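Each chain is listed here by its residues.
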Amino acid sequence: MTKRTLCNILATLILSLSLFGAAARADNAFILVQSTTSTQNSGLFDHILPQFTEASGIEVRVVAVGTGQAIRNAANGDGDVLLVHAESAEVAFVADGLGVERFDLMYNDFVIVGPSGDPAAVMGMTNASDALAMIAESGSAFASRGDDSGTHKKERSLWQEAGVDPVVSSGDWYQETGSGMGATLNTASGMGAYALTDRATWIAFENKGDLVIAVEGDDALFNQYGVILVNPQRFEHVKSDEGQAFIDWLLSSDGQNAIGAYQLDGQQLFFPNAK
Amino acid sequence: MDDLSGAFAQAFRLIAGFDPDLLEIVTLSLQVSLSAVIVAGLIGLPAGAAVAVMRFPGRAVVIAVMNAMMGLPPVVAGLAVYLMLSRAGPLGDWGLLYTPSAMVIAQTVLVAPIIAALTRQAIEDLHGDYDEQLRAFGIGRSGMITTLLWEARVGLFTVLLAGFGRAIAEVGAVIMVGGNINHVTRVMTTAIALETSKGALELALGLGIVLLVIVLGVNALAGLLRMGVAGRAHA
Numbered sequence: 000m001t002k003r004t005l006c007n008i009l010a011t012l013i014l015s016l017s018l019f020g021a022a023a024r025a026d027n028a029f030i031l032v033q034s035t036t037s038t039q040n041s042g043l044f045d046h047i048l049p050q051f052t053e054a055s056g057i058e059v060r061v062v063a064v065g066t067g068q069a070i071r072n073a074a075n076g077d078g079d080v081l082l083v084h085a086e087s088a089e090v091a092f093v094a095d096g097l098g099v100e101r102f103d104l105m106y107n108d109f110v111i112v113g114p115s116g117d118p119a120a121v122m123g124m125t126n127a128s129d130a131l132a133m134i135a136e137s138g139s140a141f142a143s144r145g146d147d148s149g150t151h152k153k154e155r156s157l158w159q160e161a162g163v164d165p166v167v168s169s170g171d172w173y174q175e176t177g178s179g180m181g182a183t184l185n186t187a188s189g190m191g192a193y194a195l196t197d198r199a200t201w202i203a204f205e206n207k208g209d210l211v212i213a214v215e216g217d218d219a220l221f222n223q224y225g226v227i228l229v230n231p232q233r234f235e236h237v238k239s240d241e242g243q244a245f246i247d248w249l250l251s252s253d254g255q256n257a258i259g260a261y262q263l264d265g266q267q268l269f270f271p272n273a274k
Numbered sequence: 000m001d002d003l004s005g006a007f008a009q010a011f012r013l014i015a016g017f018d019p020d021l022l023e024i025v026t027l028s029l030q031v032s033l034s035a036v037i038v039a040g041l042i043g044l045p046a047g048a049a050v051a052v053m054r055f056p057g058r059a060v061v062i063a064v065m066n067a068m069m070g071l072p073p074v075v076a077g078l079a080v081y082l083m084l085s086r087a088g089p090l091g092d093w094g095l096l097y098t099p100s101a102m103v104i105a106q107t108v109l110v111a112p113i114i115a116a117l118t119r120q121a122i123e124d125l126h127g128d129y130d131e132q133l134r135a136f137g138i139g140r141s142g143m144i145t146t147l148l149w150e151a152r153v154g155l156f157t158v159l160l161a162g163f164g165r166a167i168a169e170v171g172a173v174i175m176v177g178g179n180i181n182h183v184t185r186v187m188t189t190a191i192a193l194e195t196s197k198g199a200l201e202l203a204l205g206l207g208i209v210l211l212v213i214v215l216g217v218n219a220l221a222g223l224l225r226m227g228v229a230g231r232a233h234a
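Residue numbers (numbering that gives the first Met the number 0), protein chains in the order written: chain A, 0 to 274; chain B, 0 to 234.
Since the hints were derived computationally from the structure, they do not count as laboratory data.
Do not take every clue at face value.
[To be verified] Derived contacts from chain A toward chain B, CB cut-off under 8 Å, selection only: (1) 36; (2) 132; (3) 203; (4) 204; (5) 205; (6) 236.
The structure displayed is predicted, hence computed values, not measured ones.
Glycine included, every Cβ here is placed at the ideal spot set by N, Cα and C.
Turn these sequences into a full structure, and let the hints guide you.
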């Protein structure tokens, strides 16, 4: 086999490989949405996206990662729409010219879950940062995302409010898993630790083990989701028409109703609040 | 233990139920990993054989690097391919990120060094035995490489299988460059990671069992093929 034929075979192969993914769906219009694990793992997307695709003919491909990573991916231009939950980071994303405009989409809340034995005696408290201070004082295990996600950003602000720097105890009672919400809940469930989680992921989570909700109902635990079109003036490949159609639908009464209608175990997971 | 028996029940239900979603995921897993092994073989087999046969300055360094690359962490390979294929990266205009092609490229990066390094070793052993004979027949370097590759084909089959095992089992690279998008880039390992993160441990383990069964099937098929090849070689 000569070098030339080898090169030809290689080139043909790579070309045909790059086609097999595209060919299957080339006729469908699709957009890429960078989003969070909570929206995917809770089943929300499986519920609402088929409705949008039905109405518009546009397929929605979701990459579900932590909010921090989703924002970084979108900032590289690897996505048409950003749907996350960290308002200040979203505002900064738009201010930097990476996104067109931010819209409030829906909300739910965070809860602190912990082992039913409640070693820190925080069960039933309604002030999240007070509860965290007690967890720190008692040295009870706490599993943190530690991944710069929306939930992790919220958790850090609550620690700050509590006047505790948990990172100095990292590896002791404070465990930074550096992974997604589900993986962190698996850790908490396995070691009997407290953890901060969004309620949607919690309700959908199937490996709760001994964990129960310990703290809820604090205004500080409010969890707002926003949606942003990635700026086509910054990245010319952004599918702005299709992306905007998706955002318009989410904010319309159809989209808002679809979000509000999604239930798991008889509980509503997300509350639409587009203005 | 409940989890484990539940997992086997799940695996059985998944296979017996011919779940179309599962079939799609399995098909894509095989497509991606077999493609990666083919491309990596086309690169790794001749490269490994060439290094085995040729003598050049810095050869020891090349061999050391090739061997070390066998330990390349999948996440690092994924990150490197992500940075190349991202819209902000040098190959961003190709628009390949979050497609099966990106996953093939990432797995090729992982598998090619394994195939090259193991091929180098296999061919070098053989080269020692055949060198004088081949020279006596007046066969040149490139002829020597193809002859030795052909003579070593039975052993090299196992090398390709080792590469396939690495490709089909890894999750770090494909989840990063594929994005685990439902119906587009979701493969067995990323589906397992997703179900684990949902806390659906039984289903995750069930999928793991299905994956093992598929890998076993591929190996059995390869074993039959190899017997055919070996049989003819000794005929």
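Exercise for the section: Go through the numbered hints given earlier and state which of them the structure violates, listing their numbers in rising order. Expected result: 2
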